[in-house]
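Undergrad: Produce the complete structure using the sequences and hints provided.
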Amino acid sequence: MAKVLMKGNEAIGAAAIQAGCRYFFGYPITPQSELPEYMARELPKVGGVFLQAESEIAAINMVYGAAGAGARVMTSSSSPGISLKQEGISYLAGAELPCLIVNIMRGGPGLGSIQPSQTDYFQATRGGGNGDYRLVVYAPANIQEMVDLIIEGFDVADQYRNPVMILGDGMIGQMMEPVEFKTPKKRELPEKDWATTGTGGKRKPNIINSLYIAPEDLEAHNIRLQAKYQKIREKEVKVESYKIEDADVVISAYGTTSRIAKTAIAKLEKEGYKVGLIRPITLWPYPYDEFKKINPNCKGILTVEMNAGQMVDDVKIAVEGKFPVHFYGRMGGMVPTPEAIIEKVKKICGGEI
Amino acid sequence: MEERIVIAGFGGQGIMALGQLLTFAGMTEDKNVSWLPSYGPEMRGGTANCNVIISTEAVGSPVVTESTSVIVMNRPSLDKFENTIVPGGRLFINSSLVDRESTRDDIEVYYIPANEIANQLGNSRVANMVMLGAFLEVTNVVEKSTILEKAFTAVFGENRAHLLPINKEALERGAQVVQEQKVSL
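So the sequences go chain by chain: D and V.
For the first sequence, the working numbering gives the first residue as 778, with consecutive numbering after it.
For the second sequence, the working numbering gives the first residue as 80, with consecutive numbering after it.
Rather than coming from a laboratory, the hints here were simulated on the basis of the structure.
Note that the Cβ used here is the ideal one computed from N, Cα and C, for glycine as well.
Check before you lean on any hint, since a few could be wrong.
Quick partial rundown of chain D residues pointing at chain V, CB under 10 Å, derived from the structure [what the hints assert, rightly or not]:
#1 Leu782
#2 Pro808
#3 Ser890
#4 Met948
#5 Lys1039
#6 Thr1114
#7 Pro1115
Calculated pairs, DSSO-like style, for lysine-lysine (alpha carbon to alpha carbon, straight line, at most 27 Å) [claimed, not checked]:
#8 Lys780(D) <-> Lys247(V)
#9 Lys223(V) <-> Lys780(D)
#10 Lys1044(D) <-> Lys159(V)
#11 Lys229(V) <-> Lys959(D)
TA: The structure is reproduced here in structure tokens:
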């Protein structure tokens, strides 16, 4: 299929429909409202259901219901709305229900602003809801990658019976880029024999639940969940890296911020600097191992984010104290400039910091 | 080749559409492109701007910080973006609504009375196309034919196809204005 020019938020919807998603439950919030708008227009054309819920909490519990019935389902919101959904996300993880959750992040805390931000990294990768659970979290850097990850993300959700999150920001939601809808590689997916689709009088009822009264049962359930998360860690890490084997400084950045870092790196290379990049595509599972390939004489790692340095924790875990870890970021909806990143890299190279 | 363009003006002046026309045309000509709008609690009459990148290389940051060209449709936009242009870059000023000249002497500056020309053509809403005509005449970033034959209906929809002739004329008038200015430079 030929390339089309699409706004990020609309491309998310188109990708989801192509992936077989037929149910969308949400509540509008800037900067992702074009997505529910797109779904409201397009889902009925393919026999799907768009429903604007009375609240984010209602929407995520509708996702729980549809996922429990075995449907491909998604919801989307932006930071404060995703906060409201956390209880439901924890229940989805506990009941092992596959679904796709999109967070087009904006400035926080609280109601914050509507400008782009990456301030929900902790919430997405550490679990904003209660309990020992994990989401598979993708951080696409461009609209094509976002489309590809959404299509694959639905498969990953089904394969592991786990909620998957697409973590973008207002910039990738609002911008337009060419995108091509390719036929994705199909994964071997297990039958959804656990779904509550009606017994037909032929089997015992399936039960979707996250409540285990007996501690022995809940512990066994948690052990099973942890084994699943371990498998995801082993199989599902995605990362892009660039010239880290002989870099003097390695930048680590994800999502749209990584593009700003790439612009900075291209300029630094023209001036003779050796700068590498590690771009985690999955924020969980995190690509810790990639950092082991960094030039042992590297002078430091620079983490760049649109927050106060949330990924720094993971970078420090990854480098195991071998390199100093620096940070540059902007907050509140401000976007880092390539020039500011360049200045910081030069300071690290010059031993000034 | 990488053109990093800022287009700015009032909401309602067709700023976003102008950017989308360029972006779509760039894509059609097999270049790498991105379009990034300012977004916020803004509406008709407020400020609006978008960043367009058209490049033979992969597009890095979609945010334009060091612009190669700036198109301004009103005075606040000139004040805001004049200093983002790299030396040797180009500035296109809608002189119908901007009451001062550029203070830069290290860039090419073009003055286009876009609203007057659009009014002469009988539709004030094609002022953005006058600016686009001027921009394309100087930069040749994409072909005018790509804008008219491919991008126009893609951005505005088939039901606007009847407006093509006046938009074509607007592009040509914009181009004429800068041709005259290039001669006098």
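Undergrad: Check each numbered hint from earlier against the structure, then list the numbers of those it violates in ascending order.
TA: none
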